[in-house]
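-2 is the number of the first residue of the sequence shown in my numbering; add one for each residue after it.
In case anyone wonders, no lab produced these hints; they're calculated from the structure. Possibly wrong hints are sitting among the right ones.
Stated by the list, open to error - When the alpha-carbon atoms are kept at most 27 Å apart in a straight line, the in silico DSSO-like pairs for lysine-lysine are as follows:
hint	residue 1	residue 2
1	Lys116	Lys54
2	Lys116	Lys94
3	Lys65	Lys54
4	Lys124	Lys94
5	Lys48	Lys124
6	Lys116	Lys88
7	Lys48	Lys94
8	Lys65	Lys48
9	Lys73	Lys124
10	Lys78	Lys88
11	Lys54	Lys2
Claimed, not checked - Here are the in silico distance ranges between beta carbons for each label pair:
hint	residue 1	residue 2	range
12	Gly146	Glu87	22 to 28 Å
13	Glu121	Gly146	34 to 40 Å
14	Lys54	Asp119	34 to 40 Å
15	Val67	Gly146	27 to 33 Å
16	Lys94	Met(-2)	16 to 22 Å
17	Glu33	Tyr82	19 to 25 Å
Treat the numbers as computed from the prediction; the structure is a model and nothing was measured. We put the CB at the ideal spot given by N, CA and C, even for glycine.
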Amino acid sequence: MIEPKLDPEVIHTQVDLLAAAIHIDRYVIDAMDRLEEEFAEIHSLTMQTFKQLSRNKHDLNDKVTSSKVVPGEDVKCNLEKITQYNEQMEKVANSPKERLQRLCACCDRSFAFYGNIIKSTDDEATKLAAQGLASDALDRIGILRQALGNECGCDNLDS
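Work out the full structure: start from the sequences and follow the hints.
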């Protein structure tokens, strides 16, 4: 099974971006919850990510309520494929080390995804939202690397 990636081309509105961010945050929280027993150092990051998820859900609700725009079918389809892949991977690669590698890879990919949105969108509100999300993703990577050291598979973004 080929791993589907977050596709910046399916992000057309800030609502699409927030839907993707919520998907990422839910995956990260779920992954960290399952890893906290082996890696207690990530508890504070779990709480921080939960706050980000709550903020993103609130922002999405406000946008949908005020503009009546919902996430597009392209983004929903992309996120559904990723969810199915993650569920399949959880069945075949479920050791703490493998879950940690997937968590770190997700954090790296989310940072790159937000960066691609910043570069590709012409919508200023979406660009600003992506910049904030990229900053959050970079903070998340830094905290994982600080807490887990060499066990964390996050890319070394300092070099």
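Hints versus structure:
With a C-alpha separation of about 24 Å, the suggested pairing of Lys116 with Lys54 holds against the 27 Å cut-off. About 33 Å separates the Cα atoms of Lys116 and Lys94, which puts this hinted pair outside 27 Å; it is violated. Pair hint Lys65 plus Lys54 holds up; C-alpha atoms about 15 Å apart against a cutoff of 27 Å. In summary, the hint linking Lys124 to Lys94 is not supported, as the alpha carbons are separated by about 35 Å, beyond the 27 Å threshold.
Proximity of Lys48 to Lys124 is assessed by CA-CA distance (about 21 Å); at most 27 Å being required, the pair is judged to hold. For the suggested pair Lys116 and Lys88, the alpha carbons sit about 36 Å apart, so the restraint of at most 27 Å is broken. For the suggested pair Lys48 and Lys94, the alpha carbons sit about 26 Å apart, so the restraint of at most 27 Å is met. Annotation: proposed proximity of Lys65 to Lys48 holds, straight-line Cα distance about 25 Å (limit 27 Å).
Only pairs whose Cα atoms come within 27 Å are accepted, and Lys73 paired with Lys124 is accepted, the gap being roughly 20 Å. Proximity of Lys78 to Lys88 is assessed by CA-CA distance (about 16 Å); at most 27 Å being required, the pair is judged to hold. The hinted pair formed by Lys54 and Lys2 meets the criterion: a straight-line CA distance of about 22 Å does not exceed 27 Å. The hinted window of 22 to 28 Å between Gly146 and Glu87 holds, with their beta carbons roughly 25 Å apart.
Between Glu121 and Gly146, the C-beta spacing of about 39 Å keeps the proposed range 34 to 40 Å intact. At about 26 Å, the CB distance of Lys54 to Asp119 disagrees with the hint of 34 to 40 Å. The hinted range of 27 to 33 Å is not satisfied by Val67 and Gly146, whose Cβ atoms lie roughly 42 Å apart. For the pair Lys94 and Met(-2), the supplied restraint of 16 to 22 Å holds, since their beta-carbon distance comes to about 20 Å.
Our hint of 19 to 25 Å for Glu33 and Tyr82 holds, since their Cβ atoms are close to 23 Å apart.
Against the hints set out earlier in the document, violations occur for numbers 2, 4, 6, 14, 15.
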